[in-house]
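Go by the hints and put chain L onto chain U.
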Amino acid sequence: MKSDIELVQEVKAGERKAFSELVQRHQRTLLRTILRLTREQSIAEDVVQESFIKAYQKIDLFEGRSSFKSWLFQIALNTARNRFRERTQDLINIEDTFLGVDPGAENGLVQADIKHKIREEIDKLPEKQRIALTLRIFEDMSFKEIAVIMGCPYDTAKANYRHALLKLRERLEDSDSVAGWDRFMEDSEGAWDGAMAQANARAPEVEQ
Amino acid sequence: MKPPKHDPKHPKVTTLFRKEGWLEHLELELEPNLREDLELLLRNSKSDRNEFASLKATRDLVKKSDDVLLPESGHYYMNLHDRIMSAIEDEAPRTSTMRVKMAHRFSWGAFAGTMTMTAMLALVSWVSLKTSTPDDSRATAAIESASFDRDLASVAKAGVNVSQELNGFESESEIVTAALEEKLKNLSPDQATALLASLQ
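Same order as they appear, the protein sequences are chains U and L. For the first sequence, counting from 1, position 187 maps to 187 in my numbering; every step adds exactly one. For the second sequence, counting from 1, position 183 maps to 183 in my numbering; every step adds exactly one.
The shape of chain U in the complex, shown without the other chains:
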């Protein structure tokens, strides 16, 4: 199988078919990432299509200093930025938020509410932090890749991610939905109680 760079060289030489292969290779991941940021499939599809067209038009400017995927995602992110800037207000103003959990509610419903709450808190994060968090946690990208995509230094990408995670922790700890939290955590690997118990079990108590 040819590498992305080899395909790019073929596209530069006039082989349009090679670009078709690049589209097949990256469209799904790109759609998933953009969908996470725009939250609307039709918009995400438009962004993906526009991004591939831009990538094709500008492919002669791609010098291979980063991976093709990072370069493509950078284009897509810039394209999506305009879209979700227009929509940020709508996302922030969602009023039907999770404000308390009926102790008798079904676990599935509670978890769905908590997930909704988390998604809502992620949407409230500043744009750069939200992007860094999305690319790191959901797309498992390295900070180096994130830095290329966001067009910022490595340390900045990392700092954006760190601020996002710390902010989320603070907001979730302060959340009104504690009862729901506990239930969800009991059912979730690595969630509060489980994680605490696991950590505490690792060593005898030596408080500092």
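These are computed hints drawn from the structure, not numbers from a lab.
Calculated lysine-lysine pairs in the BS3-like style (CA-CA distance at most 25 Å, straight line): (1) L/K46 to U/K167; (2) L/K130 to L/K183; (3) L/K63 to U/K115.
These numbers were taken from a predicted model, which means no experiment stands behind them.
Then chain L, alone, in the frame of chain U:
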């Protein structure tokens, strides 16, 4: 991540380092020698364990909150691919390297150059128009003098030359004044007498 300086509680790990270090540890981005220090700390400090556990729990919960549902059908992606390729064929001629690079590098220069040239041409035209159609009656009399026609023509010409060095002038009146000054310096005694007579 820079190595820690000192910590009274732990010889190698500072408070700030611990705060950032847990996150690096969580992301598996910590250098191996520092990892050993943090793991030692993790074994011996409940507060650090809680700190690390809460970060890990937050990360896990965020990961689990993923609610994006992608279409599973291969047909969907075939369609998306075809749509993209069709749009590329219909609408997107690939920009040649040179054209893109030239456009990228020189677009502002070309714009600035065009604007400068346009402004200069407009000023030159304006100066020429002004000097060739004065509305002052005294100046009109002077223009009617045969010897002065040549002088004014040369003043206008000097104005053109001066206007090519517009950077030093703030207004068109400055340009005309400078051109006239330059011309008066080279006026012969006879020309000066004729000029004074016409002005009286």
